[in-house]
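J.: The lines below spell out each chain.
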Amino acid sequence: MGKPTGFLEHTRELPSKRPARERLNDFKEFVEKYPEPKLNQQSARCMNCGIPFCHSGCPLGNVIPEFNDAVFRQSWQEAYDILSSTNNFPEFTGRICPAPCESACVLGINQPPVAIEEIEKHIIEIAFDKGFVKAREPKVRTGKKVAVIGSGPAGLAAAAQLNYAGHLVTVFERDDAAGGLLRYGIPDFKLEKWVIDRRIKLMEEEGIVFKCNANVGVDIRINDLLREYHSIVLAGGSTIPRNLDIPGRELKGVHFAMEFLTQQNKRVSNKTVNGDDILATGKNVVVIGGGDTGSDCVGTSNRHGAASVTQFELLPKPPNERTAIMPWPTYPMVLK
Amino acid sequence: MYSPEFERDACGIGFVANIKGNKSHQNVSDALTVLENMAHRGACGCESNTGDGAGLMIQTPHEFFFDECIKLGVHLPSFGKYGVGVIFFPREIRLREECRDIFNRSAEKLGLEILVYRKVPVNTEGIGFTALSVEPEMEQVFIACPDHITNPDDFERKLFILRNYASHTINNTVRKDQIGFYVASLSYKTVVYKGQLTSNQVRNYFPDLNNKRVVSAFGLVHSRFATNTFPSWKLAQPFRFIAHNGEINTLQGNINWLKTSEKGFISQFFSKEEMELLLPIVTQGQSDSACLDNIIELLALSGRSLPHVMMMLIPEAWDGNEQMPPLKKAFYEYHACLMEPWDGPASISFTDGKIIGATLDRNGLRPSRYCVTSDDRVIMASETGVLPVDPAMIIEKGRLQPGKMFVVDMEQGRIISDDEIKQTICSQKPYSEWLNKYKIRLEELPEPRVLFTHLEHDQIFKYQKAFGYSTEDLDTIIAPMAIDGKEPIGSMGTDIPLAVLSDQPQHLTSYFKQLFAQVTNPPIDPIRERLVMSLATFAGNNGNLLEEDPLASHCVALQHPVLTNHELEKIRSIDTGIFQAKTLQTYFRADNKEGSLQKALARLCRYAVDAVEDGFEVLILSDRAIDSDHAPIPSLLAVSAVHHHLIRKGLRGQVGLVVEAGDVWEVHHFACLIAFGATAINPYLAISSIRDMKLNGKMQTNQDTEELKKNYIKAVCDGLLKVFSKMGISTLQSYQGAQIFEIIGLHKDVVDRYFTGAISRIEGMGLDEIARETLAKHYFAFSQKDVPSDRLTVGGIYQWKRKGEFHLFNPQTIHLLQYSTRTNDYNTFKKYSKLVNDQGEKAVTLRSLFSFKHNRPSISIDEVEPAENIYKRFASGAMSFGSISWEAHTTLAIAMNRLGGKSNTGEGGEDPVRYVRLENGDYMRSAIKQVASARFGVTSQYLTEADELQIKMAQGAKPGEGGQLPGHKVDDWIGRTRHSTPGVGLISPPPHHDIYSIEDLAQLIFDLKNANRDARINVKLVSKAGVGTIAAGVAKAKADVILISGFDGGTGASPVSSIKHAGLPWELGLAESHQTLVKNKLRSRVVLQADGQMKTGRDIAVATLLGAEEWGVATAALVVEGCIMMRKCHLNTCPVGVATQDTELRKRFTGDADHVVNFFKFITQEFREIMAELGYRTVEEMVGQVDGLELRENINHWKYKKLDLAPILYKEPAADSTGLYKMEEQDHGIEGVLDWKLLEAAQPAILNKQKVKAAFPIKNTDRTTGTILSNEITKKYKGEGLPDGTINYKLTGTAGQSFGAFNTKGVTLELEGDANDYFGKGLSGARLIVYPPKQASYVPEENILIGNTAFYGATAGESFIRGKAGERFGVRNSGARVVVEGVGDHGCEYMTGGLVVILGETGRNFAAGMSGGIAYVYDVRGRFSSMCNTEMVDLDPLDEEDVMELKQMLRKHFDYTGSTVAKFVLDDIENQTRNFIKVFPKDYKKVMAATRMAPLLK
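Taken in sequence, the protein lines are chains A and B. My numbering applies: residue 1 is where the first sequence begins, and numbers increase by one. My numbering applies: residue 1 is where the second sequence begins, and numbers increase by one.
For reference, chain A alone in the conformation it holds in the complex (with noise of 0.2 Å):
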């Protein structure tokens, strides 16, 4: 399987960035493609190994070793088809996931580990650049309906899962858009909204019908749903914030994150935005909160053209590297 010696041969690369000064300028993605050989390089390194730590660190158990090795023979259709068995969007994870798969890669304990989450990736673009992906419509129908409530991952998952299973499914989301947090919370420039419609639209011709601007106990009564439908799922996220009760909380341009980040990506949509514009724009941005939000508001803030970014984290300054106290391969807490 793949090169034996490839680890030995190739260490890490990751694809080009944009140049950050360009960046500002759009909410594009930033992340840039492999050329042709560096993909096979990187999927060389995978060391097949006996026990794929990254296997098991997937919270979907993506079969890694054995997509690494596919793409490491160019065997695109092989490669997709191994993916799309444990992993309905690939498109998505291979774009935003915290990648848990790298900390337990079995490389990763003495060296950089294989860069999964980016071959990941590459094999569902070239996917679908080479048309393998279509909607593939289960043989039979079970005649049983499952209503779907929210389309966040979990909703699509699930509306994915039980439609090749044979079952009816209509999914409800109370935005004008499917996607969920992949929509309106996640920004542009780390997941670009056509990657949720190209694969809606793919769920749509495999049989799953969407309902937006259908929100469940409001604009759908519960008992139409239950009579309607042999089961229903419930994926609804939380769209709870976590407050900061402190003096001053309620002065005017103090906004939790995800208000400032779904007006952005309604903005970048060429969607109406509900309220008053939040914009960041030659201000003097604060950001309270070091995890990927607080880094998503930074992004939006620089792009906006804020005068100038302050971020705060409550922890102290994570570590650059592993620790005894973090081993491989639990998945380390250290400075991104």
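If you're looking for bench data, these hints aren't it; they were derived computationally from the structure. A portion of the hints provided could be inaccurate.
What the hints assert, rightly or not - Below 27 Å or equal to it, Euclidean Cα-Cα: the simulated DSS-like pairs (lysine-lysine) are:
(1) Lys-134(A) with Lys-462(B)
(2) Lys-1290(B) with Lys-1276(B)
(3) Lys-462(B) with Lys-139(A)
(4) Lys-259(B) with Lys-649(B)
(5) Lys-486(B) with Lys-38(A)
(6) Lys-71(B) with Lys-176(B)
(7) Lys-1079(B) with Lys-1222(B)
(8) Lys-130(A) with Lys-698(B)
(9) Lys-3(A) with Lys-486(B)
(10) Lys-3(A) with Lys-1222(B)
(11) Lys-1147(B) with Lys-3(A)
(12) Lys-266(A) with Lys-28(A)
(13) Lys-462(B) with Lys-649(B)
(14) Lys-698(B) with Lys-33(A)
(15) Lys-272(B) with Lys-139(A)
(16) Lys-3(A) with Lys-714(B)
(17) Lys-193(A) with Lys-211(A)
(18) Lys-803(B) with Lys-134(A)
(19) Lys-803(B) with Lys-3(A)
(20) Lys-3(A) with Lys-582(B)
(21) Lys-437(B) with Lys-649(B)
(22) Lys-189(B) with Lys-272(B)
(23) Lys-134(A) with Lys-698(B)
(24) Lys-145(A) with Lys-211(A)
(25) Lys-3(A) with Lys-649(B)
(26) Lys-283(A) with Lys-190(A)
(27) Lys-317(A) with Lys-17(A)
As the list claims (entries may be wrong) - Residues of chain A clear of chain B, computed beta-carbon distances all greater than 12 Å:
(28) Leu-14
(29) Asn-25
(30) Phe-27
(31) Ser-75
(32) Asp-81
(33) Leu-107
(34) Leu-181
(35) Leu-226
(36) Pro-241
(37) Asn-284
(38) Pro-329
Ideal Cβ placement from N, Cα and C applies to all residues, glycine included.
Given the coordinates of chain A, work out where chain B should sit on it, guided by the hints.
T.: Just chain B now, kept in the frame of chain A:
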């Protein structure tokens, strides 16, 4: 768990005969002397005066019997007119008389008159209690020849009928006591005196034998060394026709084939009624040798000559032998159609009273030496020197060569050579004409009537699902086989559930574990010794065994058993007019109803019988026709059911069984099918899958589909050879139907009916469960719910997969184990051990089905013996420096030394650097030094620096197989440590070439004990059915420690099928061994150790309760050192520096001795907690208290709720005085050895390096000479030894085995006389000189001077032998420089260094596997190139340097031995140089060239 069928024996045999047939009492007495001089080849049990059996066969001493009968008032008729039988009667008088009555009535029924019974006088003085407890009442019966029978041979046949008929009747009617009824011999020509005696007791026990009137032209003797110790007099030999030293590996198959053909026996010599009285020919409950004797008797008495019979049963390797004359080849090929070889190592002496002879198996695995004297005597025995003979009277000294025969015709009064006797026999009938006329060759068959079109991708996919293929099977098994033509390699053992405990649907063959040879017979090297192996087989009607019918050869001859689709269709279409094939469908209704599978099998068997009765010669069992309503019967079940049904109906011999199956793709699948009756197999789905993978870009290769298929078939064939060879079986024909497997997890009903006679000890699934498992796959393929994205199941057997098979070492357990030991955190360790130990409702190992029973009050942990006492009972696994890195190896050693436990060198030698303590007090020396088949670095110093010497008989990962260290792993350091050339690959042979039998093992134990008296000798065995019996034998061979390894352990690289399918869990082997040793009262003499995936304190506790007082841990310790189960050890790419020699990767090693110490402390702590809970204060108290275990309560799983583990939990009753753990020391018998005298004379040399010179007489019972002496020198002078020429000893006589073994520098032994096997074994620097007695009249270079396997594993020293040596000269020599005047087969096999000069002819297969060193062969007749295996060597002319070297060696040879050959060559060196060939290993040549170039390049 003990069963008598597992018993094996081996022995010393011999005969003394007068060529002219002159009878004398001297011959009898001499034969007894021969017996007495082979006492060391026999054994005794727990008492020194109870032997395993010994005996003598002589011609009927008419004069003596005549006189004796007169005393009884009976006048015997003349010689030839009466028969004499030796009968063992029960001692209980009522039983005895009942037997006698039946015997008398039987005689009467056959019209035979009984003249008188004579009680055989015996003298029981000095006979052991155990033997006496079942001593039979021995009587001789005299039976008159009826007047109407004029031909004595006809009378002999009548006696044969009487014996069989009476024995069958008595055994079926009279109550059996421990003694039973047995006829030792019944003949007019010969009489047998034997019993459960030691070799030395026979003469005194039978006063008859001391009577001068007891005269015979020959005496044939046998001394037995058995694995069992249960008293049984009838197992002693000789039998009626033979004395057998060896083992029939294929016995079960041979008996089955015989059984199936019995019903068709027709012979002109026996009437139909007589034939019925004779059957069955082979009865149950006998030893393999006794069964062999039965069939020989039948064939010999039904008209074939005894040598003819021997050629049929133990044929030479004819298939593929280009040097064999066509006439002989035709003979063997014709007889192969009639009967499969009775395969196994064998040296057989045979006689019918008129001729006496001996033959050796094709591989020559037992020694046979003979000597012919000027007064017409022949002395033949397992050893030379067993009968003192005046050297001046010796005309010829020789040995029997592999496959050869030696016959003394006492009527003609001459010795008939192998060539002559075989020429005569082979010309009796026009065998080759018969073959030409009738044999059907596959290649010559017409094109088939129809051909299947290729299966398309979708169909293949569906079939793959239905037959249970996983992506792993395709990627890991089939694809590599198709691309590389080899079975894939894996490492690090296996940690998945046994098939019967797994939740994943299993292949039926996964319940079948391959058996393998260990101790009692050797495995074979199927690669380097390919010439003895054969895959040829025949499909068709076997005919009547008792007649020579040309039509018996009218069958399809196959070169190997794997058929392509095209070949199968040819067979399906076959029609020669009298030969046709019939296809039967093997499906059952997929209705999930009880009994559906059973119904289908009944139907299949019925159809099969119909087809045979309708006259078809080939049955094709096909599962191609499955559909959504019909599931395939697992092919193994289908074929075995039909096979056994036809055997029961007596029809099996009339047809060939061909299997067309989708569920056959791995080597193991093929092996199972063949072992349970298949003649040939068409793996259509595997072949289609290869094509499909190729078309879909799965194969990284440019080879086309046809090549890939060819490679795949080659991989299967090579794999099959490997599977046979690990059991020591050479031919497919013998393997077919031999059932060499143990079943784990099938119910008795299934086994008895469909796998009749196979070993299965713990019950398990019934037919309905098998059906359920099959239907799970069928449903997966054919269910309507077809999810669009669909892949095969992931497998997860060879690699951990989340949705695949469960592994005990998984991401969680590895993490917790590493984390806990690195942080020294016992609580985290407990989390790890809970994950391993507590399987909830599931089960992974047999031990996970047990729980502890609290049958004693718990105690405080403070009352349990301290941990420090327990640490010393731990050993880390045997892993070589070479397979793992220096860092990993020494870290483990340091840790074990800190604890007081023992680390193990593995088989790679040890760098003497490690014998010096480090400054901080740490010690890198491994307490256990392993002595494995390759003997890498096994020097006097290595042995001396040991606390324990471990003889590795087998290893868990690949029992019965050898190994290979690729050249790229042999760096300078490893090469030096192993005494080999860096960069040159190293091969470990499958067998120890000095252990082909149990008496050989006893010899090696003796050798090692001589080499280091303070070291314990440990014999490592792998768990298998019968290992307990072997352990008993090993205890009798005087081992101090016996290690029982589980199949699942083993870190070494090996073929994946071996890791998974060979050997058994240690729970079974350990329980069996402990029970058997206790039963034999041998347990208290040995330490019992267990290993194999031991991971936690609970594992240790279970092992202790099952009988182990010491334990080994390897894999888990490696994990602690950083191993993360890459399972890539064989690729040298270990990313954590554990199993690699790559300098960069070694830097990545992070293991620490502290972590390893923590680990053993944790295990011990957990173990002590269990001890406290169960109320044991000490380990000794706990050993073997198996009633402390019970079955877990929550075993409700449909698959394994029917398992019966009672045999494991059986507690062997033991008297209070019977020790349950090691309590007494073995008597190694080294007090009286010659070496003490040598040592005494050497004191000035050892004390002050003064030169000493002395002379001693020597005889064959003086074994392992010079070894204690060398051990003493090494103790003082380490590897350096003494200066050359310090000690000079002259010995005169015949040296026993292992002369000069491990002799070190400064010692010179000069032997005038001859020597036995293992001459110069492990030579470590000494000089050995041997030449024939000065007064001998024979030509030295034409006679055999030393025995087999000389200089095995020699590392340094030189030797000069004026005469020929036996087989396997210089095997694995890595440094000795020797001159010899001719060698037998397999010379210089696996040699890696040193120099061998051969001034004469060599046998076949010279230089097989030779990767280093040089041989100069004097090839005057120009025949050498045809005898040499040139796969790894070049044959070059000598260059100038070579000539210098040669001259130097020859000069020494002449000076030391007076060799006339050396003188002749030296005198004419200019011309004679041309007659020498330099055997130069190719790899060695490359490395040498590079080394020579290196300084030039600088």
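J.: Are any of the numbered hints broken by this structure? If so, which, sorted upward?
T.: Hints 5, 6, 10, 13, 15, 20, 21, 25, 31, 32, 33 and 38 not satisfied by this model.
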